[in-house]
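**Q** Listed below are the residues making up each chain.
There are 2 protein chains.
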Amino acid sequence: MTPAQSDLIAQTRAALGEKAVVTDPADIAPWLNDWRGRYHGQAAAILAPDSTEGVQTIVQSAHALGVALVPQGGNTSMVGGATPPADGSALILSTRRLNRIRAIDPAAGLAVVEAGVILEHLHAAAEAEGMRFPLTLGARGSATIGGLASTNAGGTQVLRFGTMRALVAGIEAVLPDGTLHQGLSPLKKDNRGYDLKELLVGAEGTLGIITAATLRLVPVAQDVATGWIGVASPADALKILRALEARSGDAIESFELVPKLALDLVLKHIPGTRAPLAGSHPWLVLVDYAGADARASLETLLQGVLEEGLAADAVVAANETQATAFWRLRDSISEAERAEGPTMAHDISVAVDQMPDFMVRAAARVEAAFPGVKATGFGHLGDGNVHFHVNAPAGVDADIWRREVGEPASHLVYDLVNAAGGSISAEHGIGQMKRDELERLSSPARMGALRAIKRAFDPGELMNPGKLVTLAPTLPSK
Amino acid sequence: MTPAQSDLIAQTRAALGEKAVVTDPADIAPWLNDWRGRYHGQAAAILAPDSTEGVQTIVQSAHALGVALVPQGGNTSMVGGATPPADGSALILSTRRLNRIRAIDPAAGLAVVEAGVILEHLHAAAEAEGMRFPLTLGARGSATIGGLASTNAGGTQVLRFGTMRALVAGIEAVLPDGTLHQGLSPLKKDNRGYDLKELLVGAEGTLGIITAATLRLVPVAQDVATGWIGVASPADALKILRALEARSGDAIESFELVPKLALDLVLKHIPGTRAPLAGSHPWLVLVDYAGADARASLETLLQGVLEEGLAADAVVAANETQATAFWRLRDSISEAERAEGPTMAHDISVAVDQMPDFMVRAAARVEAAFPGVKATGFGHLGDGNVHFHVNAPAGVDADIWRREVGEPASHLVYDLVNAAGGSISAEHGIGQMKRDELERLSSPARMGALRAIKRAFDPGELMNPGKLVTLAPTLPSK
Numbered sequence: 036m037t038p039a040q041s042d043l044i045a046q047t048r049a050a051l052g053e054k055a056v057v058t059d060p061a062d063i064a065p066w067l068n069d070w071r072g073r074y075h076g077q078a079a080a081i082l083a084p085d086s087t088e089g090v091q092t093i094v095q096s097a098h099a100l101g102v103a104l105v106p107q108g109g110n111t112s113m114v115g116g117a118t119p120p121a122d123g124s125a126l127i128l129s130t131r132r133l134n135r136i137r138a139i140d141p142a143a144g145l146a147v148v149e150a151g152v153i154l155e156h157l158h159a160a161a162e163a164e165g166m167r168f169p170l171t172l173g174a175r176g177s178a179t180i181g182g183l184a185s186t187n188a189g190g191t192q193v194l195r196f197g198t199m200r201a202l203v204a205g206i207e208a209v210l211p212d213g214t215l216h217q218g219l220s221p222l223k224k225d226n227r228g229y230d231l232k233e234l235l236v237g238a239e240g241t242l243g244i245i246t247a248a249t250l251r252l253v254p255v256a257q258d259v260a261t262g263w264i265g266v267a268s269p270a271d272a273l274k275i276l277r278a279l280e281a282r283s284g285d286a287i288e289s290f291e292l293v294p295k296l297a298l299d300l301v302l303k304h305i306p307g308t309r310a311p312l313a314g315s316h317p318w319l320v321l322v323d324y325a326g327a328d329a330r331a332s333l334e335t336l337l338q339g340v341l342e343e344g345l346a347a348d349a350v351v352a353a354n355e356t357q358a359t360a361f362w363r364l365r366d367s368i369s370e371a372e373r374a375e376g377p378t379m380a381h382d383i384s385v386a387v388d389q390m391p392d393f394m395v396r397a398a399a400r401v402e403a404a405f406p407g408v409k410a411t412g413f414g415h416l417g418d419g420n421v422h423f424h425v426n427a428p429a430g431v432d433a434d435i436w437r438r439e440v441g442e443p444a445s446h447l448v449y450d451l452v453n454a455a456g457g458s459i460s461a462e463h464g465i466g467q468m469k470r471d472e473l474e475r476l477s478s479p480a481r482m483g484a485l486r487a488i489k490r491a492f493d494p495g496e497l498m499n500p501g502k503l504v505t506l507a508p509t510l511p512s513k
Numbered sequence: 036m037t038p039a040q041s042d043l044i045a046q047t048r049a050a051l052g053e054k055a056v057v058t059d060p061a062d063i064a065p066w067l068n069d070w071r072g073r074y075h076g077q078a079a080a081i082l083a084p085d086s087t088e089g090v091q092t093i094v095q096s097a098h099a100l101g102v103a104l105v106p107q108g109g110n111t112s113m114v115g116g117a118t119p120p121a122d123g124s125a126l127i128l129s130t131r132r133l134n135r136i137r138a139i140d141p142a143a144g145l146a147v148v149e150a151g152v153i154l155e156h157l158h159a160a161a162e163a164e165g166m167r168f169p170l171t172l173g174a175r176g177s178a179t180i181g182g183l184a185s186t187n188a189g190g191t192q193v194l195r196f197g198t199m200r201a202l203v204a205g206i207e208a209v210l211p212d213g214t215l216h217q218g219l220s221p222l223k224k225d226n227r228g229y230d231l232k233e234l235l236v237g238a239e240g241t242l243g244i245i246t247a248a249t250l251r252l253v254p255v256a257q258d259v260a261t262g263w264i265g266v267a268s269p270a271d272a273l274k275i276l277r278a279l280e281a282r283s284g285d286a287i288e289s290f291e292l293v294p295k296l297a298l299d300l301v302l303k304h305i306p307g308t309r310a311p312l313a314g315s316h317p318w319l320v321l322v323d324y325a326g327a328d329a330r331a332s333l334e335t336l337l338q339g340v341l342e343e344g345l346a347a348d349a350v351v352a353a354n355e356t357q358a359t360a361f362w363r364l365r366d367s368i369s370e371a372e373r374a375e376g377p378t379m380a381h382d383i384s385v386a387v388d389q390m391p392d393f394m395v396r397a398a399a400r401v402e403a404a405f406p407g408v409k410a411t412g413f414g415h416l417g418d419g420n421v422h423f424h425v426n427a428p429a430g431v432d433a434d435i436w437r438r439e440v441g442e443p444a445s446h447l448v449y450d451l452v453n454a455a456g457g458s459i460s461a462e463h464g465i466g467q468m469k470r471d472e473l474e475r476l477s478s479p480a481r482m483g484a485l486r487a488i489k490r491a492f493d494p495g496e497l498m499n500p501g502k503l504v505t506l507a508p509t510l511p512s513k
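From first to last, the protein sequence lines are chains W and P. For the first sequence, counting from 1, position 11 maps to 46 in this note's numbering; every step adds exactly one. For the second sequence, counting from 1, position 149 maps to 184 in this note's numbering; every step adds exactly one.
FYI, nobody ran anything at the bench for these hints, they're computed from the structure. Among the hints, erroneous ones may be present.
What the hints assert, rightly or not - In the SDA-like style, the derived pairs of lysine to any residue whose C-alpha atoms are separated by at most 25 Å in a straight line are:
(1) P:Lys-274 / W:Gly-339
(2) W:Lys-274 / P:Phe-196
(3) W:Lys-274 / P:Ser-220
(4) P:Lys-303 / P:Ala-374
The following block holds chain W by itself, in its conformation from the complex (with noise of 0.2 Å):
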């Protein structure tokens, strides 16, 4: 511990009492590495404010000391986004006490949430008013609203209601010199300048802390069903979607893309599933309808597109605990192919209409570079995002494949997306996993740019150091 982080503490002590510290070892070490074991920090000592009055004075503090700060939410990034430095030269900033939900107005359609609320928990308190927050992914046990917005995250209902960047209305963020951006106000229409929410949503804590939100609910859905449909390609799959689109306004809320290669890891590796269709299918289609008659309606479209011949079967679950078993064969992915082997994982973007065709162009470029690798991508199809997944041949080494092979191969699957136009992160940020690949394939102008700002509100690193991007280049310049 470095005599000013020694002051911070016992200043953060002195102003927001014992509960806002935590030097205890045994409490802190659960928060030092990210949930997947790969990232590992070390830090001497956990500051949890309990409300964003608190979180200033330990900014301010901290600002005046030159200690280094790393906001943690529920540590669920999956770019080891929230793991502080291996060499302890930052303390955590947890907003595990944030917990409060400030509002919910039913009426307006808005809730104003602190950070540090669970996104489960805002679920449940949107849906005891009758509405609900249509952002959701697998973490939403862990993860909370400030690490949601700091992030921008995604998730599986995008396609109809956007990423957390469409659903933030408002933030209020201490900046990384302790004064506090007070935006809650969910103005519908705001042109005062450089729009410091757009800045800080997807941020990653770099330039501030958010400390609240204002965010969009919409009405619950009164009637949801799914499907589950077997088609030929992805362009195929990309046609369906359009269509249904057309055909049924707002109404298609999630469209996930399975690859058969997927979907067989799971039948083999995942206790209890089974394929919904019975004929073999090279991918299969998820797809959420809500609206009024949802079973019916969203039979009567499948049955439009199996009779153009656009899908070769489709089937609608009978009931909600079908519906549950669909959802889990594409929420147990990730598990099977690790139960399976060793993958690298790429989570990517390009424009929509071109994924179908990159995601097969780029499987056979990958496959071909390096032999006895499957490569496919699985997702959201619809918001040209897919987790583009290389996986190992059996019976290898881990790690030592990890590196001969993994590595080259995630560096290719990023130098195809990049020609493409494409994002090295679609939805997980950079975090420090992709901080080097962001700035080996980033043009001059972008990096200025990152740089530049980065620079501006925080020009002694002080703000989660080492993310999203350094002020001195980790590479040599082009």
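Assemble the complex: chain W is given as a structure, and chain P must be docked to it using the hints.
**A** Using the frame of chain W, we list chain P on its own:
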């Protein structure tokens, strides 16, 4: 002309040819003043590149020479945002020759459009492909895509499709150091750090020059009906909007509020206008419904709100001629007000649900503070954005009234907006007109962040100098 300006002109001429440089004062003159005649600038030349590379060439030279540039599209700013400084310290960079529509893809619902394309031309080009670009405003015959994106323009169709921010799927921009940000790829999900598109949209050309944008298109509306409703209050008008939205899905595309005061002035001053409804109503609403069987559907909806007592009377336009006549009433308000006497206009927003109460309260406060004036708001109620106008009593001297009553009344309006958590610029931007009011009313956090961003991108204040924010405070610090 400074020696550096002279060098820039010579370098531009050498690199881009004669057509890229205008130095004849007669040709420059029309572009030195804003269209309302409030701001008067000087510029020794207009530089008019016809390609993105040309813009880069000019900006790189300007950067090296330290010459300031004022980007200009259609010169339709409402806030003096495109008028050069009065001291001749900047040259104009016109986007008028960047006038190509690079691509229209109806299937993907996207167009790639250069900055100098006039809005009306894009409307026509999209319609020729069976699509529409769903943003429109009075200046559509002059306003350009670059200016519309740089000011995050709004208009009368924001309710359903959003402002420019929601319609810009990607941008290409030349940053102040001359580097090119190539971000035209229309990625629905992209979390590669700070969102440069979101930052440049609404930056008013102070962080770089948008040279092209990828824009979202929507299918042409099959059928549109226009209604005119008499209501007792803005609160009832908002209730009607909520009812129509709940019962029609996304069919309500415009919902404009008009006070009796404004309608009366239109009927008095604009030849050939007549009131759509027989009786006298304190407030009127203009509504556009787009969807199947529009006229019958809107009639049914309006019958419903009449029966519920939310509206006093209502009529649906029998044909397009009548619909155009309804819209002419709305679009003539500013002209009618000018004919009646001096007016102070305020483009403001608060949270949508607070707007009805705010309008009534603010009008009462202003009329009490400045006896004889009439204060009222009209416009985009569903966006929480009205044009709040303070009209002078009959017979005053315009200049004296503006100085002695109008300006102080404006300060009061902005104070009230600010206290309500609203925005002093909902859709027009800051430009030079609202720059000092923005500084007066913004928190240290907001002003600090705006200045830090400006400094990060443009430390020499060479991009649209004097607009939005200056590096040195223009008001005593708080």
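**Q** Please write out, lowest number first, the hints stated earlier that are contradicted by the structure.
**A** 1
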